[in-house]
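Chemist: Work out the full structure, taking the sequences as your base and the hints as a guide.
Sequences listed follow chains A and B, in order. Residue numbering for the first sequence follows this note's numbering, starting at 1 and increasing by one per position. Residue numbering for the second sequence follows this note's numbering, starting at 303 and increasing by one per position.
Errors might be hidden in some of the hints.
[What the hints assert, rightly or not] Every beta carbon over 10 Å from chain B, so not counted as near; a handful from chain A, in silico:
hint : residue
1    : G134
2    : K135
3    : T164
4    : Q178
5    : Q249
6    : R253
7    : E282
8    : R292
[As the list claims (entries may be wrong)] Result set (DSS-like, lysine-lysine): computed pairs, CA atoms no more than 30 Å apart in a straight line:
hint : chain 1 : residue 1 : chain 2 : residue 2
9    : B       : K473      : B       : K443
10   : A       : K117      : A       : K98
11   : A       : K188      : A       : K135
12   : A       : K121      : A       : K141
13   : B       : K443      : B       : K417
14   : B       : K407      : B       : K417
15   : B       : K319      : B       : K603
16   : A       : K188      : B       : K316
17   : A       : K147      : A       : K135
18   : B       : K467      : A       : K121
19   : B       : K319      : A       : K204
20   : A       : K98       : A       : K188
21   : B       : K398      : B       : K467
22   : A       : K141      : B       : K603
23   : B       : K319      : B       : K355
24   : B       : K316      : A       : K147
25   : A       : K117      : B       : K603
26   : A       : K204      : B       : K308
27   : B       : K473      : B       : K355
28   : A       : K204      : B       : K316
29   : B       : K308      : B       : K603
30   : B       : K603      : A       : K147
31   : A       : K135      : B       : K308
32   : B       : K407      : B       : K467
33   : B       : K443      : A       : K188
34   : B       : K355      : B       : K407
35   : A       : K188      : A       : K121
36   : A       : K121      : A       : K135
37   : B       : K398      : B       : K443
38   : B       : K319      : B       : K308
39   : B       : K308      : A       : K141
40   : A       : K147      : A       : K204
Note that these hints are calculated values from the structure, not bench results. Note that CB positions come from ideal geometry on N, CA and C, so glycine has one too.
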Amino acid sequence: MLKRDSPSDPLPEPFPVADSGYVSIADTDLRSEDELEREADERRRRRAEALSELAGETSEFRRPFAPRNEAMILLENCTMVYPGDVVGLDDVTLQIDKGEWVFLVGPSGSGKSTFIKLLLKEIDATNGNVQVGGKSLRTLKRSQVPKLRRNIGCVFQDFKLLPTRTVYENVAYALEVQGQRLDVIERKVPEIIGLVGLADKIDKLPHELSGGQQQRVSIARAFVNHPPLLICDEPTGNLDPETSIGIMQLLYRINRAGTTILMATHDREMVDKMRRRVIALEEGRVARDDRRGGYVEEEEQV
Amino acid sequence: METRWKFFVLEALKSLKGNFATTIAAVVTVLVVMFIAGIGIALGSYVYNYSNKVRDDVTIRAYLQDSATPRQIADIQRTITETPGVQDGSLQFVSKDDAILRLQKQLGKDSELLKLTLGNPLPASFEFKAVDPDQTAGVAKAVAGLPGLDPPQAGLPNPDYGAGKADRVLKTAGTITIVLLGMGVVLAIAAILLIGNTIRLSIFARRREVEVMKLVGATNWFVRLPFMIEGMVCGVAGAILASVLLAISYQTLLADRVQSSMTGNGSPEAIAFPLLVLLLIVAGLAIGAIGSGLTMRRFLKV
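Modeler: Here's what the structure looks like:
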């Protein structure tokens, strides 16, 4: 049922990476938003460049944290029926390994959001089993749900930042909910904000930032705990293509540092360029699960 | 733990400042309710104390004829002391001189009325109380008709215990107490609903925020506590303002009149003001905490 190539199959490198072999997100200086806002010509030129890199790059597969064939996410015959007989997911079985990068595609109402809500235990599956990080969510106590969520970073299309808090406070909140010590917070938060390239915006409120910058803040918040799993629900859905590339580069680096990434997206171009595992949902069922898929079914696999 | 409390309090204060309009609305709501409640409590306690005092103070007076012989007087005294139900040690002989002195004290030394009277028209009397105020009538009856007592006339019963008066006062006090209690219950319900509603508005305006907090792994208590502290701050602020308002209105409207009509020791007192303030503050705290705590519940199901 699951169409998957062997795990040893090399993945293309969508972004050029320094050839030290080991890449952590800390090594990378990210481009700032201001740079992205240069003249139109310059932008277009660079975008074309970036996309050509995504398309052409097929360098040898070298990752510090290869997928370990250990399940990060496991769904077994999972069915979700909402009140009113609305089917969210219909008998879905799939496994996502630790360290993988997976695109979740499909039209609206195909079950992407249901899938994500199940993983966060916002809802409970009507039938079947959901496991995250080896733990069954069906038997997970209500009181343990916050703990689960601290281990899953979330990035959303609408950013979901706290509107009355500064960049710093938004990121710090994710640590405060765990009762982190103040000195830890004061050390980690500026560090991660620097990593996403917003050091100069640290005291700004969300509405003072551009969409791309806000999404960087939400990524910083999602990643400040270094969760093993990062779920992104259309992270570039509200962003222009240039800004999207920056966000994807950021997520790419996070993935290379070992974090599993599950990304629901409609960004056809990005899926087609990056050539990662694609799970396509249709009416709550897995219509396609390609190891190196495109956004739509293709006659000839690359 | 200490730093956590500091965090919660700071969070609460921050959001009170950030939602200033709602804060004011909540405080004013508490203020109005507490003001009315304060008047009710003061009035109720006054009526309660007054009726108790009337009840406890029901004194039976047996008036003697001026012509009563010492033997008759001794007999009357013995009969009273031997009557079951007479309060030990309550028996007091009031001579004609005592009686006129008392009247002088009540009316003032220079009263025209006293100047007009020739000699001393007041009779000597025995004063005593029943152990159980409700048995007053029975006890009085046992003494009635003894030789040496003034014969009762229409409108001037002897012994006299102000038969109708005490009954009427007690009945009225009972009615007032019931009305005040009823008002208190209605007021308390109204207060909780009003405050709950105000807080619901405030939380509803921030439900997205609550949702985000839960998504980054905040426990219910972590989200709830700042809101509850907020509610308590509003409650206490409202209660304090209501106390100030009560004090001001008492001083400007009532103080003089109360002072002049209720001199003399033993006049019934309303509840002590500091105690009233304490009561209002505790009620404000409770209503704020319970109101927001309960209202939070539905918004925490994320």
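Chemist: Is it the case that K135/A keeps its Cβ farther than 10 Å from each residue Cβ in chain B?
Modeler: 15 Å, holds
Chemist: Holds or violated: are the alpha carbons of K443/B and K417/B at most 30 Å from each other?
Modeler: 36 Å, violated
Chemist: Minimum Cβ separation between G134/A and chain B greater than 10 Å?
Modeler: 18 Å, holds
Chemist: If we take the beta carbon of Q249/A, is the closest beta carbon in chain B still more than 10 Å away?
Modeler: Check passes; 23 Å lies beyond 10 Å.
Chemist: Would the pair K188/A and K135/A pass a check requiring their Cα atoms to be no farther apart than 30 Å?
Modeler: 28 Å, holds
Chemist: Measure nothing beyond the straight line between the CA atoms of K473/B and K443/B; if it is 30 Å or shorter, mark the hint as holding.
Modeler: 22 Å, holds
Chemist: Keeping to a limit of 30 Å between CA atoms, is the pair of K117/A and K603/B held or broken?
Modeler: Roughly 13 Å between the alpha carbons, so the hint for K117/A and K603/B holds.
Chemist: For a C-alpha distance cap of 30 Å, please report whether K308/B and K603/B respect it.
Modeler: This hinted pair holds, its Cα atoms lying about 26 Å apart.
Chemist: With a cut-off of 30 Å on the C-alpha distance, tell me whether K407/B and K417/B pass.
Modeler: 14 Å, holds
Chemist: Would the hint linking K355/B and K407/B be met if the CA-CA limit is 30 Å?
Modeler: With Cα atoms ~21 Å apart, K355/B and K407/B stay inside 30 Å; holds.
Chemist: Take a quick look at whether K141/A and K603/B sit within 30 Å of each other, Cα to Cα.
Modeler: 14 Å, holds
Chemist: Please check whether the beta-carbon of R253/A is more than 10 Å away from every beta-carbon in chain B.
Modeler: 21 Å, holds
Hints 3, 4, 13, 18, 23, 31, 33 from the earlier list are contradicted by this structure; the remaining hints agree with it.
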